[in-house]
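Trainee: Chain residues, written in single-letter form:
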Amino acid sequence: MARLTILEHREIAENMMWLAFSAPQDLRYTPGQFLHIRVTDGVDHLLRRPISLCYVQGEGGAKSQAIAVAYRVGGKGTELLRKKKVGEELDVLGPLGNGFTLHEGDRHALLVGGGIGVPPMVELAEQLTQQGTKVTSIIGFQSANVAILQEELSRYGEVLVATNDGSLGLQGFVTDYMTEELLATADRFYACGPTPMLRAVQAKMDGKVEGYLSLEERMGCGIGACMACVTSCRMDDGSVGYKKVCKDGPVFSAPKVVFA
Amino acid sequence: MARLTILEHREIAENMMWLAFSAPQDLRYTPGQFLHIRVTDGVDHLLRRPISLCYVQGEGGAKSQAIAVAYRVGGKGTELLRKKKVGEELDVLGPLGNGFTLHEGDRHALLVGGGIGVPPMVELAEQLTQQGTKVTSIIGFQSANVAILQEELSRYGEVLVATNDGSLGLQGFVTDYMTEELLATADRFYACGPTPMLRAVQAKMDGKVEGYLSLEERMGCGIGACMACVTSCRMDDGSVGYKKVCKDGPVFSAPKVVFA
Amino acid sequence: MTVRDVDMSVRIGPITMKNPVTTASGCFGFGKEFADFYDLSVLGSITVKATTIEPRLGNPTPRVAETPGGMLNAIGLQNPGVELVIAQELPHLRRYEIPVFVNVAGTTVEDYVDVTKRLMDSEDVDAVEVNISCPNVKCGGIQFGTDPLQAAQVTEAIKRVSRVPVIVKLSPNVTDIVAMAKAVEAAGADAISMINTLVGMSIDLNKRRPLIANGVGGLSGPAVKPVAVRMTYQVAQAVSIPIIGMGGIMTAEDAIEFIMAGATAVAVGTANFVNPLACPEIIEGIRQYCLDHGIASIRDLQGAAWKELA
Amino acid sequence: MTVRDVDMSVRIGPITMKNPVTTASGCFGFGKEFADFYDLSVLGSITVKATTIEPRLGNPTPRVAETPGGMLNAIGLQNPGVELVIAQELPHLRRYEIPVFVNVAGTTVEDYVDVTKRLMDSEDVDAVEVNISCPNVKCGGIQFGTDPLQAAQVTEAIKRVSRVPVIVKLSPNVTDIVAMAKAVEAAGADAISMINTLVGMSIDLNKRRPLIANGVGGLSGPAVKPVAVRMTYQVAQAVSIPIIGMGGIMTAEDAIEFIMAGATAVAVGTANFVNPLACPEIIEGIRQYCLDHGIASIRDLQGAAWKELA
Ligand SMILES: Cc1cc2nc3c(=O)[nH]c(=O)nc-3n(C[C@H](O)[C@H](O)[C@H](O)COP(=O)(O)OP(=O)(O)OC[C@H]3O[C@@H](n4cnc5c(N)ncnc54)[C@H](O)[C@@H]3O)c2cc1C
Ligand SMILES: Cc1cc2nc3c(=O)[nH]c(=O)nc-3n(C[C@H](O)[C@H](O)[C@H](O)COP(=O)(O)OP(=O)(O)OC[C@H]3O[C@@H](n4cnc5c(N)ncnc54)[C@H](O)[C@@H]3O)c2cc1C
Ligand SMILES: Cc1cc2nc3c(=O)[nH]c(=O)nc-3n(C[C@H](O)[C@H](O)[C@H](O)COP(=O)(O)O)c2cc1C
Ligand SMILES: Cc1cc2nc3c(=O)[nH]c(=O)nc-3n(C[C@H](O)[C@H](O)[C@H](O)COP(=O)(O)O)c2cc1C
Ligand code: FES
Ligand code: FES
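Chains as they are written, first to last, in my numbering: chain A, 1 to 260; chain B, 261 to 520; chain C, 521 to 830; chain D, 831 to 1140.
One or more hints might be untrue.
To be verified - Covered stretches of chain D (in silico footprint by chain C; criterion: 3 or more residues with CB under 8 Å from a CB of chain C, positions within the stretch not fixed):
1) 941-955
2) 1008-1021
What the hints assert, rightly or not - Quick list of in silico lysine-lysine cross-link-like pairs, BS3-like style, CA-CA up to 25 Å:
3) D:K1037 to D:K848
4) C:K702 to C:K727
5) A:K85 to B:K336
6) C:K727 to D:K947
7) A:K84 to A:K134
8) C:K552 to C:K702
9) D:K1037 to D:K989
10) D:K862 to D:K1012
11) B:K516 to A:K76
12) B:K345 to A:K84
13) A:K83 to B:K343
14) A:K84 to B:K336
15) B:K507 to C:K727
Read the hints as simulated data drawn from the structure, not as lab findings.
The beta carbon of each residue, even a glycine, is placed where N, CA and C say it ideally should be.
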């Protein structure tokens, strides 16, 4: 837990904000982890907001200078968060949870992001590229006005964009890009986005490409203590049980996730 | 009700703040009235804080440029208020209530203020001076570190200061200055401060000088609708009943006030 | 799903409110003060401060305290008594051409009946709201608010003498709010209003005593909204008379939450203290919400949270 | 009035807590997660999540919602069952050398008795806290929490099999909290903890359905503090067993408010989610408050709000 100074804060698409703040000392993180951010010091919005780590500027550990996240202003808490100005402090817990697993030998990874599921793909792309894995990003949005991070991701490899209304890229869904040919070239996939997208991706990849899904759930504590954020998973013994998104996840091995 | 821009905000003594903000259009006011200030847009501190109008910069009506108040940071709401910066907006209701009555023919008025009861005396001194009434201010504080507005008041006439610990001016109470001689020269007195002070002033002045007391009470609405802020008063028919500090007061004719 | 205009009208028994928003008793005085801020005729109705048979001085001060997300009050039914209310407070409200609901309080069944009888002499009363739930007066009605049998008795007694609709206001300080609601419905109540305040306390650490002179006070404001919404949701499914929902409504969204929970109309209380324009802003906000969501009549949202999806 | 050090210790029956702060059940898991943030041995005691005889999966999600000044939860007693709790969760807590209170839940009196009996086989249980008040499980104990007779029965039954002190946790969703407290005291309870959550609801305007999958949830956090303080104040004057007060404690001042109301110890719940360091900060804050105010023993403040001034 730390109070971190806001370094950048600006709108990057309609109601989509880019927020960078100073990194805590000895930052340790993996892509896919989240930060648990308090939006006010008062009690009117008590719970912290989980927001994925998007990008870490500088090198790891004590050398990293800033953490950036990208978030959508949707409800009351993010509305308050948007009002914070450069120079103000932010009460941040984390990085928390279980991020994406990188596999050293991978030659080609597909990064699949939908809407506010796109941000964690940036740091993931960075780290995959660094270890020599080629990256193709497939990202989907409602429409062009809320599209984010396309440019950032294009630094690491090809970016395929889909929008529901066709206002940017392909008209359709991210899964429309997932041809047999493309999947045949991929060693791994990493996906984050709305549940319907994750369900479709899981089905599409099943038996073809191994990979990970990053899930969302409403949280209380964010650290595994309150049992608020459970999600159905296939356990090691084959039964279906609950895992905690905040602690066991948010990232799970794709075949383990059981959608309702 | 208006959203007014903060023009000045600084500490003038220990935990005593000076706050000036733009005046609403067509400001009408009398000294002794109060402003009902919201300290947060959130719900964690729901009730407005009543703070006396201290000074109006510029001329009356549309010509006035700024309203200033002086307040003590004591509880949670004023702690939040203190954090507001120049340029931010303030949600202000008022000026509200029944201020001090000025009497044109008065030659000499005693202004008695204790602690955070001193602020309303400044605008009162200004207006009395303008109508040709000579002003003597008698102000009391716990100690020198929380003394405020002595300089401002000295622009209008003599200022007599008392502190409980003797760290500034006379060691003692404001009433210690109220000699028979002084009272004999006064046509009117105006007092605002803690209840024990007001009670002592009322007793001292009784039958000698006519005047007014400005009272404090915890408020709900500030506009006379909720009955939170009642205080015991002698009614026109001689009985004792409740008057509302927010609407009938905060200023009452001294003999009408019945202290518990 | 575009609608041109929204039908905002609702019915509380035989009374039509042109929109679903009334004021919560005790939070709006007798209207005068708010008339300085806006034209009261925009309101769906006005509900005035509790009235007793005799004038009452109420409790000593402090009478209010701030709490996280809410406030405590223990005004103690200060009011000039029903005679003066009829003579001096109610007549001026007629000019706004909106229904006037008069909140009635007392210590015994006879008190309630006497106030109601007296109010029947006035042409300025469109409904009585029976306050069986004020937590701030010793023997001041709370026993009627926590016992279904006594609640039914006082309701019946008032129904017998009232020629206007009788709204019974429920206390949330009970184990079983549904039992209370059913009891007053069976006793003839024309509508229910809910909730009155939760009994609470704040302690002044410096004085080492309760902050409010009365000791306990009634908790209101956003803090209580989840309790009020839950009770409205439960009661709306158990009775068939209309409900006026309240407890922490600050915005149009809050009002719609109560309507979806099953309230026919809503009352705005504490919000008036924070923002004197709360009521007109909420009314406009509800209209705008309906326009934005293609809702032709506010009545279409009533109970939406438990009714079958269309 | 200067004191050098503060005696922070309090007693819950035969148990000594070195300071008055424990964790609220369900808000601290089994401690593990918070051990990453600080050394749990600073706590006065630790109260762990509710345990049932069989493993329970709990309710579907969403299980939590934010409300003004508070939150709703409907976890639904998810827990691995008493066997696994004894085998895997409790042993590691011994190293902190603080009393461990185990929250016990069930559907029938037999359930409660069976869990308690099983816990008696463990050396790692210093007290059982009987959760007769969880509002989030159908038939999950709430009937015991709202009826004095049933509360007494379950208390007696547990007392008969427990060799450690029995703390009974009261529900605030009742008309008469004092009657509940007296009933469990008469039935042999060694202490009372209060309050559990208020039953509330939030509605998702977009879905037009309750936001929490379970429909209703339990309201906790600062919003409920005035209700919790009021009940503590009333119960403390009516019983002679110690009270563990809770409901919305975020700061040391909040904790002291409960102690002045009559609580012997306090529990911190929701605050742990907002600030994982809440408990140690509150403990230090209480100590500092006592130093600043010349209070030699925290016990001197217990009930100060209603005891005669010294
Ligand atoms: C692991 C994880 C990572 C996330 N990463 C991002 C990200 O990088 N960028 C981004 O824009 N959003 C992200 N989200 C979603 C983000 O947490 C919610 O959009 C946000 O909490 C909504 O807060 P609000 O104040 O706008 O809404 P409100 O409606 O005011 O929120 C009320 C409560 O509900 C919770 N809540 C509401 N919506 C969601 C949701 N979709 N998921 C979880 N909790 C929710 C809030 O946290 C809060 O507790 C992530 C969610 C999770 C679980
Ligand atoms: C008519 C009037 C004029 C005032 N003028 C001034 C002034 O010019 N300068 C100044 O410093 N103070 C003034 N006060 C006192 C000021 O209102 C309180 O100090 C302030 O409200 C305390 O708020 P807080 O957030 O610090 O305390 P908190 O303890 O957080 O306040 C909690 C609640 O109690 C109320 N409250 C607490 N103390 C008082 C009090 N002494 N009087 C009334 N309400 C109180 C608050 O308004 C709030 O509703 C005036 C009070 C009144 C009634
Ligand atoms: C200051 C104050 C005075 C009140 N007086 C009354 C009253 O006289 N009669 C009554 O039935 N309810 C009274 N109430 C309760 C309100 O009408 C309403 O039921 C409650 O405050 C919840 O709504 P809110 O959260 O919007 O304020 C009063 C509430 C407050 C805050
Ligand atoms: C997420 C959550 C889970 C809870 N689980 C339990 C539980 O298992 N057993 C219990 O007796 N109380 C449970 N409670 C109630 C708390 O122990 C406590 O009584 C209540 O939250 C009030 O305290 P607070 O406002 O400090 O949170 C739970 C509360 C929360 C918020
Ligand atoms: S949010 Fe508390 S366990 Fe995941
Ligand atoms: S504060 Fe509401 S009547 Fe004075």
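Trainee: Given the hint that K1037 of chain D pairs with K989 of chain D, does the C-alpha gap stay at or below 25 Å?
Mentor: Cα-Cα ~46 Å, so violated.
Trainee: Is it true that the CA of K84 of chain A sits at most 25 Å from the CA of K134 of chain A?
Mentor: Distance ~37 Å between K84 of chain A and K134 of chain A Cα, so the pair is violated.
Trainee: Take a quick look at whether K702 of chain C and K727 of chain C sit within 25 Å of each other, Cα to Cα.
Mentor: Roughly 44 Å between the alpha carbons, so the hint for K702 of chain C and K727 of chain C is violated.
Trainee: Between the alpha carbons of K552 of chain C and K702 of chain C, is the straight-line distance 25 Å or under?
Mentor: Judged against 25 Å, a Cα distance of about 36 Å means the pair is violated.
Trainee: Please verify whether K1037 of chain D and K848 of chain D have alpha carbons no more than 25 Å apart.
Mentor: violated (49 Å)
Trainee: Has the given pair, K516 of chain B with K76 of chain A, been kept, meaning a C-alpha gap of at most 25 Å?
Mentor: violated (49 Å)
Trainee: For the pair supplied as a hint, K345 of chain B and K84 of chain A, is the alpha-carbon distance within the 25 Å limit?
Mentor: Holds - the C-alpha atoms of K84 of chain A and K345 of chain B are around 13 Å apart, at most 25 Å.
Trainee: Taking beta carbons only, do three or more residues of the region 941-955 of chain D come closer than 8 Å to chain C?
Mentor: violated (count 0)
Trainee: Tell me if the straight-line CA distance from K84 of chain A to K336 of chain B falls inside 25 Å.
Mentor: holds (21 Å)
Trainee: Hint check: K507 of chain B vs K727 of chain C, CA-CA at most 25 Å. Holds or violated?
Mentor: violated (28 Å)
Trainee: Within 25 Å, alpha carbon to alpha carbon, are K727 of chain C and K947 of chain D?
Mentor: Cα-Cα ~46 Å, so violated.
Trainee: Taking beta carbons only, do three or more residues of the region 1008-1021 of chain D come closer than 8 Å to chain C?
Mentor: Since three or more residues must qualify, the claim that chain C covers the region 1008-1021 of chain D is violated, with 0 doing so at under 8 Å.
Hints 1, 2, 3, 4, 6, 7, 8, 9, 10, 11, 15 from the earlier list are contradicted by this structure; the remaining hints agree with it.
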